[in-house]
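As they're listed, the protein sequences go chains X and S. With this note's numbering applied, the first sequence corresponds to residues 1 to 426, in that order. With this note's numbering applied, the second sequence corresponds to residues 1 to 201, in that order.
Quick caveat, the hints were computed from the structure, so don't treat them as lab data. Hints may be right or wrong, so weigh each one.
Derived contacts from chain S toward chain X, CB cut-off under 7 Å, selection only [what the hints assert, rightly or not]:
{"#": "1", "residue": "GLN29"}
{"#": "2", "residue": "VAL58"}
{"#": "3", "residue": "ALA67"}
{"#": "4", "residue": "THR140"}
The structure presented is a predicted model; accordingly, all values stated were derived computationally and were not measured. By construction, the Cβ of each residue, glycine as well, lies at the ideal position given by its N, Cα and C atoms.
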Amino acid sequence: MYPLAKRPSVWLLPLFLVVALIYLFSYTEMESVRGSSQAAVAAASTTLLFSCLLSSVSSAVESSREHLSRGVLDAASRNYFERVFFRLWPSVTAGVIVQFTSAIILLLNSKVIPQLSDALILLGYVLAITAHAAFGNFLGQWFHGRFSIPLALVGSYVFLAFTGTTSFFPLHYLSGMTLNGCCMAAQNINFHAIWALIVFSALATTGFIFLAGTNRPLEKKRNSAALSSGHRATGALLILASVSTGLWLGKDLEGIPAVAMSDEQFECSNTRPQVCLNRVQLSGGDRRMLVAQSISSLTKIGFPEPQRVTASMDTDPTVEEDGVLLTAFEPSYTDEQVVYAAASSYASALANHLCDSDDFDQQFAMIQLLQEWSTGYAQEQVLGIPSVGLEQPLASLNRDQQQTWALGAYGSLARCEVPAKPGKDS
Amino acid sequence: MTSVFRTRQGLTCLFATMICGVGAGFYGQKLISIPFLGSLTMPTQMPAPVIPALLLCVILGACVTGAERRWMHASVRNIWAHSAVFVIILALLSTLLCSGVGALTNQGMVMPGALYGRDLAGLLALWVLGRLFGLFAAATVVPVGYVVFASAFARNKEASFYPWAWIMESHPQAWMGICIIATGIVAALILALRRQPLYIG
């Protein structure tokens, strides 16, 4: 085996690390992971592109070197799996360093202590990186370096890039990069996605190692010729098993690997109305009072008063029937955004329960106008920010006429009727 | 002629040329998603012919490099010129196949062929530049690295592609791509005249 200083992963590591960090800082919104270590670790999946390519290409270089020198440098003093281990560990370690660096940076930005369950996501990354290293090793054993090195890059890139873009969702989770869709503040990661990645990567690694060689390196120069048919069949079956098991584990997953947090994970305030937020949403400071004030500013003028306002995504209640109003809340929100999100809850509820009629466009236009007015009104009442930019002809009405129109519009839309345009009846 | 074809694994290259040309013709007008920034409001698609062009570039590059040995630099035969002609003929053949298949599948003849031809020529130009600077077998990593880098960093804040990421553009008239192709032609001429790279490690 080569000394560490001559391992390709050692001199490729700084290059890939710098590119991965540039990518991370350019395209990842650090605010989006605040308060959730799970979201932070999952968001690090974007840099799998670089860590997996690094491990794939460096193991292809190492393996093709051995392919060329078989029988000279690598006598059969070690058994096959030992040799594979000593060949692959620097590539895997380099990939893991890149991946864990981005995970640590995101965890620092989340400003919370990581949980034990986050380790499972990290394990998924390590196994994904190992699978790419095994793939590079397989190519290096079968082909000359001039084929195997670029093909390792192309193969890993195509797999990472395009599994996540098909309309067949279970396929997304085999490469791991789609994990960055997790999670909003009211969501947890769906661990089926992690298990799909772990099982697929572990089986694929074993399959590629089986396909890459045998325990008899001196027997024949051409590795592929030295493989027995049983050996090839085992390797191929393991790769087939990895794909089918991965797809089976991810069969119920959709485009985003997240599940809504249950209602039990929300803590409710003693305000009127009650406002319920979870620990992630509260990590940016307790602003439940601000949400309550925003809703109260609208209920005072006649909007229906909910018993509870929640930022849960688990259920789909209505104010009229359940007394529950859904709102959106992220820990990174400014006060202005909190009031905006709370005040637009009424319009959002209407948009979520759009009536089945031919007037979708008109309904939607009125809902947007109602949202514009209610958010502007609440921000003026709660934060003292003057409402500007309201559309004509609503802007030309006086305050009472605007309120009358908004209440009437809300009532009409809740009854599946298209309200009159502002100014027509006011 | 036979020697040029055989030493460069002509049959493998011809097979790859046909497969990639036909594949690019079938999918010439399609766009494929670039996944990494799907959540951002930026263009997230690239033309499908990039992938067959990249594969053909890797295969041609590897086969050509396999036929060249350093001691051949002093040969009476101009192996650099032979390799350049071999690659140009196969690239043209592949582009023609792409246009033909595009026409047969009602995708139009000009667009798939022009796009695939631009991508293939541009990637081969990057490979030749790698050879010019003495990368030998590792020269095929240059076009692959370029595609990976472009798909990750191609987009600017104004939701469009940077000019250097011309391979992501879905229309063939990218001036930067044409410049790269022209540079590749100059590099191939330099190699054919010098019969050795600028740097030999």
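Now for the hints, and whether the structure bears them out:
Using the Cβ-Cβ criterion of 7 Å, the hint placing GLN29/S at the interface with chain X is not satisfied: the shortest such distance is roughly 17 Å. Because the closest C-beta pair between VAL58/S and chain X is about 4 Å apart, less than 7 Å, the hint holds. Given hint, ALA67/S at the interface with chain X, is violated; its Cβ is 10 Å from that chain's nearest Cβ, farther than 7 Å. For THR140/S, the suggested interface contact is upheld, since its CB lies about 4 Å from the closest CB of chain X, less than 7 Å.
The earlier numbered hints that this structure contradicts are 1, 3.
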